[in-house]
Amino acid sequence: LAKTTQPISMDSYEGQEVNITCSHNNIATNDYITWYQQFPSQGPRFIIQGYKTKVTNEVASLFIPADRKSSTLSLPRVSLSDTAVYYCLVGDWGSSASKIIFGSGTRLSIRP
Amino acid sequence: EPEVTQTPSHQVTQMGQEVILRCVPISNHLYFYWYRQILGQKVEFLVSFYNNEISEKSEIFDDQFSVERPDGSNFTLKIRSTKLEDSAMYFCASRGVLNTGELFFGEGSRLTVL
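Protein sequence lines, in the order shown, are assigned to chains C and U.
All residue numbers for the first sequence refer to the working numbering, where the first residue is 72 and numbers rise by one.
All residue numbers for the second sequence refer to the working numbering, where the first residue is 2 and numbers rise by one.
To be clear, the hints were calculated from the coordinates, so they are not data collected in a lab.
Note that the structure is a prediction, hence the values are computed from the model and not measured.
Please note: incorrect hints may appear among the correct ones.
Restraint ranges, calculated between C-beta atoms of paired labels, are given here [as the list claims (entries may be wrong)]:
(1) U:Q42 <-> C:N96: 19 to 29 Å
(2) C:Y84 <-> U:E2: 42 to 52 Å
(3) U:G73 <-> C:Q113: 26 to 36 Å
(4) U:Q18 <-> C:R148: 44 to 54 Å
(5) C:L151 <-> U:S10: 23 to 33 Å
(6) U:G17 <-> C:E129: 41 to 51 Å
Where a beta carbon is used, it is the ideal one built from N, C-alpha and C, also for glycine.
Okay, chain U solo, but in the shape it has when bound:
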């Protein structure tokens, strides 16, 4: 069964460092999403991406965040200067078909900022 893959599974970084989280969505999917989940809290929408541009972003997704799809397969989330409060699990998701709310999520990347 096709799946969304994410790397790394866990990253530890120092505050102020740049982090890139990578995702490989399901190959024929067209809509891509990043979510984050702080430990014990709900899944928060960050950004959606379609046709090589951001469709929508939340208030969390400020100038420190960026996304791109550099090569037609990877979908990356960059955090330019990490803060302690960026520590969370980051989930990538993709969606292939319109008129369905079925997102396919990856296993997540746990980011720990020290």
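One chain only, chain C, in its complex shape:
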């Protein structure tokens, strides 16, 4: 699994767009980038996954530059309910992915 680095915490305000960047300098060719969200006292929840360029779903967008050494999770128009810890995971999710490791994540706090 590629080592990832992301900010420990971020603050923003309701209605703003929030971008959380994750560095993964030693990403391998077969690795995918996956983001999770975790609310207090709940299990992590899958948000989005991508390999290159841009992926968008109803929750977020994921931007991946050509060198894939970083990725940015973009949350449009956040609300108080987006306050959570966000985890960036990078790995080859094929049959060998038996050990899926979470890092320390980014604690996002949204203020009114």
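Chain C is already provided as a structure; the job is to place chain U on it using the hints.
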């Protein structure tokens, strides 16, 4: 929407007692995981399970821990002799499709060891 269910939601036990935490993964999933999260800390990998055997385990998963899938639907984590430091939230997760990092997590079982 299919979901992973865990029981009990909260268990209080005395140090040295055995605890079994139960999970029902999503029915067509093949890969199963246990994680734990000590209050205020990160989600820690314990063990993964596939084809009725352990695929990988962490250094946390010592001889006091065991997992099994006794009946094709339940997936259990047993702690033989609990310690104070086993107090944590334990999450079960399952994964159905290869080539995706999408794990489906249960709501967790909070274990308190006194």
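Each hint, compared with the structure:
Between U:Q42 and C:N96 the Cβ separation comes to about 25 Å, which falls inside the hinted range of 19 to 29 Å. The beta-carbon spacing between C:Y84 and U:E2, approximately 31 Å, falls outside the hinted interval of 42 to 52 Å. The beta-carbon spacing between U:G73 and C:Q113, approximately 27 Å, falls within the hinted interval of 26 to 36 Å. Taken as a hint, the range 44 to 54 Å holds for the pair U:Q18 and C:R148, whose Cβ atoms sit roughly 49 Å apart.
In this structure the supplied range 23 to 33 Å holds for C:L151 paired with U:S10, their Cβ-Cβ distance being about 25 Å. Our hint of 41 to 51 Å for U:G17 and C:E129 holds, since their Cβ atoms are close to 48 Å apart.
In summary, the structure is inconsistent with hint 2 from the numbered list given earlier, while agreeing with all the others.
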